[in-house]
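Asks: Next come the chains, spelled out residue by residue.
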Amino acid sequence: DQQVKQNSPSLSVQEGRISILNCDYTNSMFDYFLWYKKYPAEGPTFLISISSIKDKNEDGRFTVFLNKSAKHLSLHIVPSQPGDSAVYFCAASARGTSYGKLTFGQGTILTVHP
Amino acid sequence: DGGITQSPKYLFRKEGQNVTLSCEQNLNHDAMYWYRQDPGQGLRLIYYSQIVNDFQKGDIAEGYSVSREKKESFPLTVTSAQKNPTAFYLCASSRNSGSYNEQFFGPGTRLTVL
Chain A
1 DQQVKQNSPS LSVQEGRISI LNCDYTNSMF DYFLWYKKYP AEGPTFLISI SSIKDKNEDG
61 RFTVFLNKSA KHLSLHIVPS QPGDSAVYFC AASARGTSYG KLTFGQGTIL TVHP
Chain B
115 DGGITQSPKY LFRKEGQNVT LSCEQNLNHD AMYWYRQDPG QGLRLIYYSQ IVNDFQKGDI
175 AEGYSVSREK KESFPLTVTS AQKNPTAFYL CASSRNSGSY NEQFFGPGTR LTVL
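Keeping their order, the protein sequence lines are chains A and B. Residue numbering for the first sequence follows our numbering, starting at 1 and increasing by one per position. Residue numbering for the second sequence follows our numbering, starting at 115 and increasing by one per position.
Mixed in with the good hints, there may be bad ones.
[Said to hold, decoys possible] Stretches of chain B that chain A covers, calculated by requiring three or more beta carbons in the stretch to come under 8 Å of a beta carbon on chain A:
#1 128 to 139
#2 176 to 188
[Stated by the list, open to error] Taking lysine to any residue and the SDA-like style, the derived pairs with C-alpha atoms no more than 25 Å apart in a straight line are:
#3 A:Lys38 with B:Ser187
#4 A:Lys38 with B:Phe202
#5 A:Lys71 with A:Ile53
#6 A:Lys38 with B:Glu138
#7 A:Lys5 with B:Gln155
#8 B:Lys123 with A:Leu47
#9 B:Lys197 with B:Ser179
#10 A:Lys101 with B:Lys128
#11 A:Lys101 with B:Asn140
#12 A:Lys54 with B:Glu216
#13 A:Lys101 with B:Arg127
#14 A:Lys38 with B:Ala175
#15 B:Lys123 with A:Phe46
#16 B:Lys128 with B:Glu216
#17 A:Lys38 with B:Lys128
#18 B:Lys185 with A:Lys71
#19 A:Lys37 with B:Ser179
Note that these hints are calculated values from the structure, not bench results. Ideal Cβ placement from N, Cα and C applies to all residues, glycine included.
With these hints in hand, go ahead and build the complete structure from the sequences.
Replies: Below, the structure written as structure tokens:
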């Protein structure tokens, strides 16, 4: 049962344009969401997070939007740069989880063309 | 420089052999985690530890074992009972095990069974 889904395996964007990565979840207990960026053969690095009490969180070029009614979150990267090319994972955590377990989506490969 | 180290980066094993993957952190984090990543899939939790001398099974613990004798170390043993051990293994840690703490990842170990 895939509780966190990233339905687009890949996304291709021109440098300078906006990249929008999407993530859907099914577990209504999830209350904290994170985005990670991963280069090949490296560990993921934390990008940005949002708790369920907010609907938007911004950090520089990265903005995460949360639509709780639709159980949907998205990551916007503006402007996109070639160095943003990587795999992006969304992850979610549920309240009441005593160990902060993260449930990950399958990842979306972002390619930013110069 | 605070961080998480994993060794070795690449590991080859013959079928039927046990192998131990190292994970060390100097972030003074209480919680540590082991994940497995397979192509086209998200990260799946193998084991986690909230404090020294305590650890719990994750979603796919069969064929794996861990120990947590020191706060900074959380080695993972892949045993011969693991049916499909070839994968990319990631270790992570977080400040504590609450649901609002992001996890920080090591660079990973790619295990190949020959």
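Asks: Each hint needs a verdict: does it hold in this structure or not?
Replies: Each hint tested on the structure:
Restraint check on the segment 128 to 139 of chain B versus chain A: 0 residues with Cβ-Cβ distances below 8 Å, three needed, restraint violated. Counting residues of the segment 176 to 188 of chain B whose CB falls under 8 Å from any CB of chain A gives 0; the rule of at least 3 is not met. At roughly 23 Å between alpha-carbon atoms, A:Lys38 and B:Ser187 fall within 25 Å of each other, so this suggested pair holds. Only pairs whose Cα atoms come within 25 Å are accepted, and A:Lys38 paired with B:Phe202 is accepted, the gap being roughly 13 Å.
Distance restraint check for A:Lys71 and A:Ile53: the Cα-Cα separation of roughly 13 Å lies within the 25 Å cut-off, and the hinted pair is therefore satisfied. A hinted pair counts as satisfied when its Cα atoms are at most 25 Å apart, and A:Lys38 with B:Glu138 qualifies at roughly 20 Å. Straight-line distance between C-alpha atoms of A:Lys5 and B:Gln155 comes to about 10 Å, which keeps the hinted pair within the 25 Å bound. As the CA atoms of B:Lys123 and A:Leu47 are separated by approximately 24 Å, the hinted pair is consistent with the 25 Å bound.
Between B:Lys197 and B:Ser179 the CA atoms are separated by roughly 14 Å; this keeps the pair inside 25 Å, and the hint holds. Using a Cα cut-off of 25 Å, the hinted pair A:Lys101 and B:Lys128 is violated, with the two alpha carbons roughly 32 Å apart. Proximity of A:Lys101 to B:Asn140 is assessed by CA-CA distance (about 21 Å); at most 25 Å being required, the pair is judged to hold. Proposed proximity of A:Lys54 and B:Glu216 is supported: the alpha carbons are some 17 Å apart, at most 25 Å.
Simply put, A:Lys101 and B:Arg127 have alpha-carbon atoms about 29 Å apart, too far for the 25 Å limit, and the pair is violated. For a cut-off of 25 Å, the pair hint linking A:Lys38 to B:Ala175 stands: about 24 Å separates their Cα positions. Of the supplied pair hints, the one linking B:Lys123 and A:Phe46 holds, its CA atoms being roughly 21 Å apart against a limit of 25 Å. Distance check on the hinted pair: B:Lys128 and B:Glu216 sit about 35 Å apart at the alpha-carbon level, beyond 25 Å; violated.
A distance of roughly 29 Å separates the Cα atoms of A:Lys38 and B:Lys128; the hinted pair therefore is violated under the 25 Å criterion. This hinted pair does not check out: B:Lys185 and A:Lys71 have alpha carbons roughly 37 Å apart, beyond 25 Å. For the given pair, A:Lys37 sits about 28 Å from B:Ser179 by alpha-carbon distance, which is inconsistent with the 25 Å threshold.
Of the hints listed earlier, those the structure fails to meet are numbers 1, 2, 10, 13, 16, 17, 18, 19, in rising order.
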